[in-house]
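Undergrad: Spelled out from the first residue to the last, the chains are:
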Amino acid sequence: MLRRFTVAALLQNSRLQSRGCTYSTITHNLQTTESTGKKYLIQTAVLLNRSPVLTRSPTSFEAALYQYNSNIGRALFNPFPYDFYFNSGSLLKAQFNKEEKLREKLAFNWAKKTVSKRSTPPSSKTPKTTQYKPSLSPATTTSSDDDAQPMSRTTEADKINDVKSLNRQGHRNLYLLVKRGEGEWRLPGARGDLRDGELLHEAAKRELHAECGINMDAWVVGRHPIGVMDAPLPQELQSSQYGGAKIFFFKVHILAGQIDPTIANLKDFAWLTKEEIKKIVTLEYWNNIHNILSEY
Amino acid sequence: MHPSRLADHYHNTLRDDIMYMTYNHEFQTRAPAREPNMKYDPEDPYSKHRRNIPRGGIQIGKTPSPQSTPDNVIRLEKIALHCMVKEATSNRSQLLGAIMAFRALSGETHQGGGNRHRNGIQIVKGRKTEGGWIRPGLPVGVTVEMTGDRMYEFLGSLVNFVLPRLREFNGIKMPFASRSQQTPSGVSGVVSFGLPPQAMALFPQIEVNVDSYPRMYGFHIHFITNAFGQDAQARARALLSGFQIPFARAS
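So the sequences go chain by chain: D and X.
Mapping of the first sequence onto UniProt numbering: position 14 corresponds to residue 14, and the numbering continues sequentially without gaps.
Mapping of the second sequence onto UniProt numbering: position 9 corresponds to residue 9, and the numbering continues sequentially without gaps.
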């Protein structure tokens with residue numbers, strides 16, 4: 001993946017890399033807190049994010065504002081440098097002028113709709129004769145673009161609200177939530193402990209693939225966690241020396257592929273926006289994660 | 001006019017990612033910087049009004065980077081294009097082709113569209129006498145600055161149309177890993193690179209009527225960000241990578 005290669009090349013020997021290593025090492029060493037003297041089990045969880053694939057459709061106000069600003073720009077533009085592009089009196093210049101009038105007409109069309117029926121615009125008083133009607137030349141509009149219709153912004157997944165699909169809500173950030181066995185809806189990961197000498201972000205990626213399968217192209221954003229949460233210890237470690245567990249969240253982008261639903265212990269999964277996540281996670285969990293989710 | 005795709009991409013995705021990637025965690029608040037020893041005594045009446053700099057020099061390369069805050073996240077402020085036309089030393093009308101080409105590339109004109117903050121295409125004049133080919137006040141180059149939506153439009157056309165079609169272009173050259181980045185350019189947060197004359201014809205704004213221009217011009221592109229201090233240029237490169245601009249080690 002091009003982005004991964006360039007970032008890897010960038011970070012190869014830079015201070016950003018060494019800073020990341022130092023941070024992870026310090027995290028290991030700070031397992032023992034000074035206040036309680038107890039150790040904390042360090043776990044990693046993943047915020048798997050599908051970025052928006054569509055630009056947001058402008059609201060009617062935004063569309064009107066863009067149109068208004070465009071028209072202001074047209075009304076106040078500096079004179080076009082005819083002398084540089086055209087010879088005086090040439091046919092090309094005349095054709096350009098006709099096409100420009102057409103573009104102005106198209107651009108200011110909205111103003112004509114507000115004109116009342118009584119005050120007729122001056123153009124309607126010209127006698128109707130067979131005049132040359134210019135159309136925008138092939139250089140300005142390519143016919144191939146007119147034939148090709150863009151895809152609909154709402155997909156099948158939107159219509160049936162298929163929360164397992166990655167093609168839903170193209171203009172929003174989607175996040176993966178998973179459900180294990182009889183547990184609650186959670187972010188994937190946080191199932192085990194770190195291995196010896198393993199860095200946090202490496203552990204996050206390993207756990208993600210272990211839980212959700214290898215059929216996806218995932219890219220971890222940097223080496224820093226983006227959030228932390230206190231969590232209860234897993235059953236088998238309740239009586240050990242650990243006072244509790246800390247889960248570090250890592251942001252990971254899914255670039256291609258999909259979750260493997262046949263993985264053991266994975267009861268259910270869903271790709272949800274921030275508001276949809278709020279509806280299905282517990283209040284305590286929501287308080288811990290809502291700040292790392294994007295509103296867009 | 002329409003919503004800017006790259007501006008939306010920056011706000012939706014890139015800004016968060018760059019914040020996480022460039023975050024420097026500082027455990028304590030910084031101790032205030034030590035007052036440097038100045039070269040001249042400001043009390044001494046002989047040296048009172050001299051330009052006084054620290055004894056070891058300004059040491060701009062050692063400027064510390066500001067603390068990471070959400071307001072401080074790196075962003076692209078402007079893109080500047082600069083073209084030097086050597087033939088203009090003898091005949092200043094040679095600049096006209098470059099001015100028109102930049103006008104087409106950037107869409108900028110002096111206070112065009114009623115925006116009084118836009119300066120349009122600027123002529124670059126010589127600052128000092130050198131080598132018998134330039135003297136102060138001689139117009140020899142053309143430059144333009146783009147901000148906002150226009151900047152993102154230019155960036156989009158550069159990334160989608162020009163860079164993929166350039167011959168022998170693997171990426172913007174990065175300095176050697178062993179090279180010290182404690183230099184004025186290393187702490188500036190500005191990434192610069194040059195394009196050959198053939199690249200100008202690949203921009204769709206120029207490609208549509210290449211023959212209207214007397215010739216194609218090679219030019220420099222400067223990506224100006226709000227970063228400064230240690231690692232500023234590295235952070236700027238990380239930002240531009242997010243806009244799909246490739247980088248390559250100088251071989």
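Derived by calculation from the structure, the hints in this document are not laboratory data.
Backbone N, C-alpha and C fix where the C-beta goes; we use that ideal spot for every residue, glycine too.
It is possible that part of the hints are untrue.
Unchecked claim - Here are the computed distance ranges between Cβ atoms for each label pair:
1) X:Lys78 x D:Pro58: 48 to 54 angstroms
2) D:Ser57 x X:Pro64: 41 to 47 angstroms
3) D:Lys179 x X:Gln182: 47 to 53 angstroms
4) X:Asn119 x D:Lys278: 36 to 42 angstroms
5) X:Arg30 x D:Lys164: 46 to 52 angstroms
6) X:Gly156 x D:Ala94: 41 to 47 angstroms
7) D:Pro79 x X:Asn91: 22 to 28 angstroms
8) X:Pro66 x D:Ala94: 28 to 34 angstroms
9) X:Arg167 x D:Gly257: 30 to 36 angstroms
10) X:Gly114 x D:Asn167: 40 to 46 angstroms
11) D:Asn87 x X:Ser68: 56 to 62 angstroms
12) X:His220 x D:Ser90: 49 to 55 angstroms
13) D:Arg74 x X:Pro66: 40 to 46 angstroms
What the hints assert, rightly or not - To be clear about the criterion: a stretch of chain D counts as covered by chain X if any three or more of its residues have a C-beta under 8 angstroms from a C-beta of chain X, and this derived list gives those stretches:
14) 50-57
15) 60-70
16) 77-87
17) 212-224
Undergrad: Are the hints correct? Go through all of them and say.
TA: How the hints compare with the structure:
1. The hinted window of 48 to 54 angstroms between Lys78 of chain X and Pro58 of chain D is violated, with their beta carbons roughly 25 angstroms apart.
2. At roughly 44 angstroms, the beta carbons of Ser57 of chain D and Pro64 of chain X sit within the given window of 41 to 47 angstroms.
3. Checked against the hint of 47 to 53 angstroms, the pair Lys179 of chain D and Gln182 of chain X passes, with Cβ atoms roughly 51 angstroms apart.
4. The given range of 36 to 42 angstroms is broken by Asn119 of chain X and Lys278 of chain D, whose C-beta atoms sit roughly 47 angstroms from each other.
5. Evaluation of the 46 to 52 angstroms hint for Arg30 of chain X and Lys164 of chain D yields a pass: the beta carbon distance comes to about 48 angstroms.
6. Separation of Gly156 of chain X from Ala94 of chain D is about 33 angstroms and departs from the stated range, judged on CB atoms against 41 to 47 angstroms.
7. Pro79 of chain D and Asn91 of chain X have their C-beta atoms about 25 angstroms apart, which keeps the hinted 22 to 28 angstroms range intact.
8. Distance hint check for Pro66 of chain X and Ala94 of chain D: the Cβ-Cβ separation is about 58 angstroms, which falls outside the suggested range of 28 to 34 angstroms.
9. A hinted range of 30 to 36 angstroms holds for the C-beta pair Arg167 of chain X and Gly257 of chain D, which are about 34 angstroms apart.
10. Hint check: Gly114 of chain X to Asn167 of chain D, Cβ distance near 42 angstroms, so the stated range 40 to 46 angstroms holds.
11. One distance hint, 56 to 62 angstroms for the beta-carbon pair Asn87 of chain D and Ser68 of chain X, holds here, with the actual separation near 58 angstroms.
12. Here the CB-CB span from His220 of chain X to Ser90 of chain D is close to 35 angstroms, at odds with the stated 49 to 55 angstroms.
13. In this structure, Arg74 of chain D and Pro66 of chain X meet the distance hint of 40 to 46 angstroms, their C-beta atoms being roughly 42 angstroms apart.
14. Residue count for the segment 50-57 of chain D with a Cβ under 8 angstroms from a Cβ of chain X: 4. That meets the three needed, and the coverage hint holds.
15. For the segment 60-70 of chain D, the stated coverage by chain X is satisfied: 5 residues place a CB nearer than 8 angstroms to a CB of that chain, which reaches the threshold of 3.
16. Figure legend: the segment 77-87 of chain D, annotated as covered by chain X; annotation consistent (5 residues with Cβ-Cβ distances under 8 angstroms, at least 3 required).
17. With a cut-off of 8 angstroms between beta carbons, the segment 212-224 of chain D has 3 residues touching chain X; three or more are needed, and the interface restraint holds.
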